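Taken in sequence, the protein lines are chains E and C.
Position one of the first sequence corresponds to residue 1 (this note's numbering), numbered consecutively onward.
Position one of the second sequence corresponds to residue 1 (this note's numbering), numbered consecutively onward.
Read the hints as simulated data drawn from the structure, not as lab findings.
None of these values were measured; they are calculated from a predicted model.
Mixed in with the good hints there might be a few duds.
[As the list claims (entries may be wrong)] For lysine-lysine, the following DSS-like pairs were computed, each having C-alpha atoms within a straight-line distance of at most 30 angstroms:
| hint | chain 1 | residue 1 | chain 2 | residue 2 |
| --- | --- | --- | --- | --- |
| 1 | C | 483 | C | 60 |
| 2 | C | 159 | C | 180 |
| 3 | C | 292 | C | 483 |
| 4 | C | 292 | E | 319 |
| 5 | C | 66 | C | 246 |
| 6 | E | 319 | C | 483 |
[Claimed, not checked] Below, a sample of chain C positions facing chain E; criterion: calculated Cβ distance under 8 angstroms:
| hint | residue |
| --- | --- |
| 7 | 292 |
| 8 | 295 |
| 9 | 409 |
| 10 | 413 |
| 11 | 426 |
| 12 | 453 |
| 13 | 478 |
| 14 | 479 |
| 15 | 501 |
| 16 | 511 |
Note that CB positions come from ideal geometry on N, CA and C, so glycine has one too.
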Amino acid sequence: MTYDAVVIGAGLAGLTAALRLADEGRRVLVVARGVGSTHLAPATIDVLGFAGERVERPAEALPTFVDSHPGHPYARLSVEHFAAGIEWFKARLPGLGYRGGLEENVLLPTAVGVAKPSAVVPETMAAGDLRAGGRFVFVGLGLKDFYPAYLADNLGQAGASARAIELTPPRGAQTDVSSVGFARRFEQPAFRDAVVRELAGHTEPDERIGFPAVLGLERVGEVWRELEARLERQVFEVPTLPPSVSGIRLFEAMTAALRRAGGRILLGQSVVGAETGNGRIEGVVAQAAARPTTYRAPSFVLATGGLAAGGIHVDSYGKIRETVFDLALAGLPGANGRPPFLPTYFVEQPLDRLGVPVDDQLRPTDIDGRPLFENLHAAGATLAGAVPWREASGNGLSLATGYAAAGAILENMS
Amino acid sequence: VAALETEVLVIGGGSTGAGVARDAAMRGLQTVLVERKDLADGTTGRYHGLLHSGGRYAVKDPEAAKECVVENAILRRIAADCIEDTGGLFVSTPWDDDAFGDTFLEGCRATGVTVEEVGVAEALRREPRLHPGISRAFAVPDASLDPWKLVWGNARSAKEHGAQILLYHRVDALERDGQKVTGAVVRNELTGEQVRVHAAVVVNAAGAWAGQIAELAGGRVKILPGKGIMIAMNHRLVNTVVNRCKMPADGDILVPIRTVSVIGTTDSPVADPDDLEVTQSEIDEMLDEGEKLVPGFREARALRVWAGARPLFAPEKVEDTREVSRSHALIDHRMRDDVEGLVTITGGKTTTFRLMAEVAVDAACAQLGVDRPCRTHEEPLPGSEEGQFYTLGARLRAREPRPQSEEIICECELITRQRLEEAMQRRHTENLDDIRRTLRLGMGPCQGGFCIYRATGILHAVERLDGRAANEALLAFLQERWKGVHPILYGDQMRQARLDDWIFQGLLGVQHLPS
């Protein structure tokens, strides 16, 4: 089997690059150690939530932001390109009903009641937007990963009208039910009946009802619409601890779309090395169950993630390396005697912007900005220069750079 | 200012202070213990958790070894529920002179340490991860000791005998009437309220802080705090306490305790026991020494590093050399400083805490003019009446017959929701670190990544906290945790820490919480 492109990594960045390439008729292989960070993070597309201050309009804020952060991956992208990627993504996954865009951020409550800015959100979360004010009621299901009274207390402190209700829907014989367990239960009519019955008469007509983000997996749209109809209230989901049910839906929707478009996905294979020559990657070597396998293609996308996902590794001597190609890294500590971390937790750490530096085609470069391989592109959390968990830019970064990496490959091919 | 009247006031809630409170209360003395933070928050809660057989001191300090032999046997009787009977091995690695083994055997025999040389093959069968190049191995009755359980067991016993324990009460002043110490003014650190405690005798069991306390009464006790660092490794790299068979030095003990193994330790003098910085070179030294015991140590996952302050007493007066045993220091300030009503007990080690408490209470009794025998070696601690050692699998065994029948809030340490709620109600605290010390909450591989949000939500409900107080509990726990993890982030634990960043700062946005 020959491929036009091999994508390493099955998080949002890798899947976005692969799906766009497949949409354009390219033969694509995704090879990854396992499922990506989709399963750990909510499925909202946060583009830029905090840049010093909270960001209200990302499209307006981005030019200033990249001016002051020239090493940020966003500095490699144009706003138009960004917007095109988002429109493509929304249109490509109609089942999840994504809403919003770069024009303005919505403010969704987190599970501790912080107002978090997101640009594009699944339809099941949209009614949680705190900007409009109004009254909120948060519903607990006894899920150990969701504490609505605590959430409502903090929202109340911030001036919102919020309260909590605890339900005790039937769990069956099992007591320790995870988010995924609740999501499966929500797909059963009897469970929904029990929830609706228990809530009936306990909410006001102008209240919006927030559930933990466990309203089903494959059938989430159906479940959500049914709850809105039967409760006669606006209903929304609040993301909570991993495993992320909303992220699993996103992964499933992306991979299904990719397979339909002819892409191939191989999970359970770690890419451990490459064959190179003439300034190009000729093939990548994956450690499969039986023996190493080499996958060749004219183009490659590196989307293995950062420190969390294992795309970058630190050993006990403090030696840091990119794990597939041993690429040059930017943002290394120690270069000017800095320790990698500061004693205070809630600040940006010296190591936080660690990653692979890239050129305008998202090709990894050496420290002088020269591309290392003509046909290798990188996307997502592997990239240097961003602190997505603090900027609220996680999935936005992955989507935009995955989309742009595919764009660069398509341009080279034509 | 509220007032309390007591016969004995104990200052310090480590193993020694809790032991003194228990001993005094069991002798029928009215007793109050004050501790500036939580029980076992200081040195006791920061040690490696080794119940010494005496082997470590058999050559270097025979008197200390003899004390360990006696106290090891007593603690196995009275504190079984705090002990995992892991046994211990002393091994000669390729870096050690194997002739020291003979010196070691002689030392053990002379001090009464039960010892048996075992073949290398047998040692490697017992502990397959040990360096295959070891040349000799000796089995001794070392064990691992849960310091929090031990101190809480003593405190509960003291309370059952009528003692009062005041946590988060700091000594502001010691009060004197002429040459006699008459009590202390203590301040509740949580409310700011002061309490005047009148006492017939004050026992200063503040360990590395004993010098600061003695100074408040005009006594002078020179303590040279010695910093020791320890690293908790994920998993049990060994199931037996493993020591290097050589003169005691840095990084030569590996203690399997609960779900982790702890490597220790160092000893470097510091000026302030509250300011214990861990340096990269100390960490590297521990990892390199670990590699000599267990090859591949550096590839194993390190969870957390911390430092404790040993209280090393520096004799200054002629009386000191007479009063001070080799292993601990008892100072009766009557004779030494012409100050009545004050006894200082410091130095020593957790293994011999009970003995230290005994001699301190003997001295207090002498000042009070009463003669009542110590009974702490006879009566088991609450929870240890059955004489059963704890086992690593106990929590799992309790869960296994009906898996998923109870919600597990901390998966690493198998803490159920019910157990957590009970501990919160019992401790009535707004501090999640107190709960950590009580249940080992958040001490496993994820270092609270998953359980601490849950525990905050549950604390908010159980203690009826407002959002702000719950936020403070959450943020304080995260900051405290960071102190122990940031110096040692690499490998899989680096991945974990970054995932925790995504959870707390990305998903939850805790840095934006009002507090």
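Violated hints, by number in ascending order, as checked against the structure: 1, 7, 8, 10 and 11
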